Amino acid sequence: MTHILEVKDLVKHYGDFQAVKGVSFGIAEGEIFSLLGPNGAGKTTTISMLSTLYTPTSGDATIDGHSVTKAPMAVRGVIGVVPQDLALYEDLTARENLVFWGQMYGLSGKALAARVDEVLSQIGLTDKAGNRVKTYSGGMKRRVNIGVGLLHKPKLLFMDEPTVGIDPQSRRAILDTVKDLNKQGMTVLYTTHYMEEAEELSDRVGIIDHGELIAIGTQKELTRQVGESETLVLHVGENDDSEALASALGGVAGVIKAEATDHEVSVICPEAEDVLAGVVTKANERGIKIRSIDIREPNLEAVFLHLTGRALRD
Amino acid sequence: MLKTFLIGLKDVRLAFRDRAALIFMLAAPFVLTLGLGLVTGRFSGNGGSGLSDIPVVIVNLDDGQIGQALVDTFQSADLADLVEPTLGSDPEAARRFIDEDKAAAAIIIPAGFTRSIIPQQSDYTATGSAPEAVQIEVYANPQRPTSAGVIKAIVDEFLSRVEEGRLGGEVSILQMLASGRITAQQAEAAGTAMGQRLQDQPASDTLAIQINSSTQGDEAVQFDALAYIAPGMALMFLMYTVSYGGRSILAERSQGTLPRLLVSPTSSAQILGGKVFGIFLTGVAQMLILIVASSLIFQLKWGDSLGVLILVLAAVFAATGWGMLITATARTTAQVANTGSAVMLIFGALGGSFISLEQMPLPVQMISKITPNAWALDGFTTLGLGGTLIDLVQPIAALLIMGTVLFAVSVVLFGKKDLAQK
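Line order of the protein sequences matches chains H and W.
Just so we're aligned: 238 in our numbering is position 238 of the first sequence, and the numbers increase by one with no gaps anywhere.
Just so we're aligned: 111 in our numbering is position 111 of the second sequence, and the numbers increase by one with no gaps anywhere.
Hints were generated in silico from the structure; no laboratory data involved.
Treat the hints with care, as some may be off.
Stated by the list, open to error - Result set (DSSO-like, lysine-lysine): computed pairs, CA atoms no more than 27 Å apart in a straight line: (1) W:3 to H:110; (2) H:141 to W:3; (3) H:153 to W:369.
Here the structure is a predicted model, which means the values were calculated and not measured.
With the rest of the complex left out, here is chain H:
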């Protein structure tokens, strides 16, 4: 399969801090690839290097055959970027924003006008195109932010956590937009720290943590790494010592691993029903009241927990 993006040993240092430590991966044409990791994992730095905003400390990447270090201008012509934070002129209308950014990508005249209309329709803002962006809701602004990245029909679209801080309805609309774009043949590199988004959208997922790509593959391939395990999530009281409970549960027969996070204890086990009684008993012995219990099938959260010993969250 042809790789539109090929990343080789990409490294970025900020002084003594290593933000990205030798990341390598490839993305096939027409694929949605998600970089999944907690905040500060190195997702945005990686995308910033791939989009030529930052120069890598070492390593390189090619996009559609162009090196990001040697031919950045050629790379910029084939990529679209949807940054994590809104990058719009709020005193301009949505249409004015799209026209301006289209011009920056070399569009002009009737082609530009037609493409702006198409994108406005795609992001569902045709009716409000004449309003200044500052009057929009957060979700509408996010949609314009995405629209800007689509204007020149890029071969590869970078989307850096595009759903952060928006309402569920707008989030749903954005995820649907990403799927539609992919159906139209656009390759997408999507970063997120929401496991559900990565699971719903991605053909393949790369899990990144502390600047390192620690796993890569389809969801099935990744969950296979934690076996056919299930995850038992115990919700405990605010004053209960979840750390102590996790430590105690490690000794329960059938438990593979137990980790505490906030007021939850995640217990990985082959069969949840087999360990449930032992877990509850252990909690009672410790005087910890379990408020509720969730049983989860193997997922990327479990994979991350399995690989890092930590939950996938801020």
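On the provided structure of chain H, position chain W as indicated by the hints.
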């Protein structure tokens, strides 16, 4: 180039949609001009120009009546409030007086001035040629360009009238000779009589040059107090505009649009060029709006249109250079805003926006030369006194040099900045 232009246009649009910016760019200079105009009595029709008792030394070496008529003009009641003439006899002493900054200008009327204008029979050479013309010298004090400009304008107006009269007389004599009404022998006597009437005229008429007077004819050269106040205010708030524009570079970085531009197929040079172009365009638009508005509303005559336009372009260029330097040395938008406000006020004071530079001590006048305000205000004053583009060579050259140097320094400093980092 196109992208640079488009980025600049976008910035102009954004600037003119920012209400807070509009208050400083347009409303504030307009209101202050209006306020100062009211204080000086400009709108009540009886105000002064802020210029009075301009010291001038007159050395009259002419033994004829035209030289005396010029002296009488300066000593007339019409100009009593405006000028304070002192009569001298030694041209060198008069020039030294000016060099020592004791007066705004010296007027040296050379010997034979009257006879060079109205030659007599005995003045013609053997070949019949008229005697060589001699010229009045106005030795101007560069430290007092406005006052010296007023003196020069008075002399120019006087000479203009004399020349009109001389030409009129010459034509009349020739006509009378041609029609046989006088003989060649009577021509000299007729010319002398006309000359006598001509000399009497300037003294008896009200001099065309008046300060802030609305009673003069259209041809009168007027220096309107507002012609000093309005450009002073416009130039002061031009410094706000350029620092606002500079601030937008850092604001775009923090709001993410600059990184987004940097990942589009647009070079850093195009982006920075576009931002600078935007500042320049905004500044030019601001100045032109203020000029047009004050012309329409206050009936203010800014002077030669081409001169005004070129001077505005040069002034905004230099001011943009300052805006870029402020931005290049700042880390945050707040730093640019604070520094920009301070520079606006300091340059306004130093550049003569509040008090005429001539009333400031010499060291301050020297320091004021680092401000675009001082040079541009000098230029606008020259235009207000009837000057044209050709009279603006010095201020325009100074503004262009200032802008070029500041841009060069700013580009070096920007090269050390990482524009991609938020």
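Checked hints:
1. With a CA separation close to 18 Å, the supplied pair residue 3 of chain W and residue 110 of chain H stays within the 27 Å bound.
2. For the hint pairing residue 141 of chain H with residue 3 of chain W, the CA-to-CA distance comes to about 24 Å; that is within 27 Å, so the pair holds.
3. Between residue 153 of chain H and residue 369 of chain W, the direct Cα distance comes to roughly 53 Å. Violation of the 27 Å bound is thereby established for this hinted pair.
Hint 3 from the earlier list is the only one contradicted by this structure; the remaining hints agree with it.
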